[in-house]
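**Q** For the sequence shown, the positions run 4 to 304 when my numbering is used.
There's no promise every hint is true.
[Unchecked claim] With a straight-line cut-off of 25 Å between C-alpha atoms, the simulated DSS-like cross-links for lysine-lysine are:
| hint | residue 1 | residue 2 |
| --- | --- | --- |
| 1 | K210 | K234 |
| 2 | K254 | K304 |
| 3 | K264 | K303 |
| 4 | K210 | K249 |
| 5 | K128 | K210 |
| 6 | K267 | K249 |
| 7 | K267 | K242 |
| 8 | K34 | K131 |
| 9 | K264 | K249 |
| 10 | K304 | K264 |
| 11 | K254 | K267 |
| 12 | K234 | K304 |
| 13 | K234 | K249 |
| 14 | K210 | K304 |
It should be emphasised that the hints constitute simulated quantities derived from the structure, not laboratory data.
For clarity, every value in this text was computed on a predicted model and none was experimentally measured.
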Amino acid sequence: MGLPKIKCPECNAGLKSAAGFTVGQTVCCPKCETYFTVEEPEDDFEEPRPAAKSKGAPAGKKPVRAAAVDDDEDDEDEKPRKKKRRRVDDEEGDERSYKNSPVRFVILGVLIVVMLVLAYFLYEKKRKESEAAATPGSLKPMEVADRQKEFIGPQDFAPQNAPAPQIALNPQNGPKRPAPVPGAGAGATNTFGALIPAAEVQALTQKHTTALLGSWTADLGGGVTEELTYKADGTFSAKQTGSGAKTATGKYRVQTVVGTKVLKLELDTDNTPRTITAVFEDGELLHPSLQPGVTATFRKK
């Protein structure tokens with residue numbers, strides 16, 4: 004009697020045949036397509052049966068193609084391995100697709116842009132705060148009121164609706180109006196209208212007078228230029244070149260300062276004095292030119 008069940012030596016698949024397998028018979032494995040010769044079974048595979056007289060396979064007989072047996076143990080060993088390998092491949096594919104996905108780069112770019120915008124607004128806020136803190140003369144309202152009270156006097160803080168005191172212009176028996184003091188005036192005032200102390204007025208006058216000395220030039224347009232020169236000996240000259248050239252010379256006298264940037268001057272040309280104002284602004288001088296009614300911007304040579 005032949006062997007009812009054998010194993011393929013190549014893929015270890017279980018094979019069976021209704022007719023049985025004869026030792027020495029050539030068999031083709033249907034799973035791996037391997038031809039092998041049936042050998043004597045080992046002790047641990049199958050217990051030998053009492054052999055009946057069997058006819059040997061003829062020499063010219065074709066190999067038997069065995070049917071594959073569903074081996075439960077083989078299936079249990081192979082199926083989990085295939086599933087595990089498939090899960091690992093899926094995870095690796097997902098990781099590769101995420102690394103190469105354009106969505107990842109888009110999100111990263113958006114985050115970078117948001118961070119840059121926030122940094123820019125923070126920088127602008129800090130810069131404006133530092134400029135506001137470093138700007139000279141930016142007094143608070145309470146500080147302005149204190150300075151006005153110090154230099155003007157408490158009477159300026161009377162209620163707005165309070166009646167003004169009435170003084171008779173020509174009273175018969177009343178007090179007389181005091182005569183004006185020569186040279187007395189309202190005095191220099193700052194940006195807020197408060198009187199500037201005399202020491203500060205003197206310092207500003209000296210500062211602007213020193214800055215005024217030297218030569219200044221201005222472009223009046225149309226190829227016309229003007230050069231203005233102030234000297235320390237109290238003389239000045241103005242020369243206009245181009246169309247309608249003009250010149251003027253004379254003496255000048257500093258009268259006072261108006262605010263903190265304006266210097267009031269008296270110019271005397273041909274015994275005809277006139278009062279002008281010169282404004283100092285960021286290294287430039289706003290000064291009347293020789294052209295009537297034209298104030299030009301002069302720059303230091």
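**Q** Against this structure, judge whether each hint is valid.
**A** We went through each hint and held it up to the structure:
| no. | hint | in the structure |
| --- | --- | --- |
| 1 | K210 x K234 | holds, 15 Å |
| 2 | K254 x K304 | holds, 21 Å |
| 3 | K264 x K303 | holds, 16 Å |
| 4 | K210 x K249 | violated, 30 Å |
| 5 | K128 x K210 | violated, 35 Å |
| 6 | K267 x K249 | holds, 24 Å |
| 7 | K267 x K242 | holds, 21 Å |
| 8 | K34 x K131 | violated, 83 Å |
| 9 | K264 x K249 | violated, 28 Å |
| 10 | K304 x K264 | holds, 20 Å |
| 11 | K254 x K267 | holds, 14 Å |
| 12 | K234 x K304 | holds, 14 Å |
| 13 | K234 x K249 | holds, 20 Å |
| 14 | K210 x K304 | holds, 18 Å |
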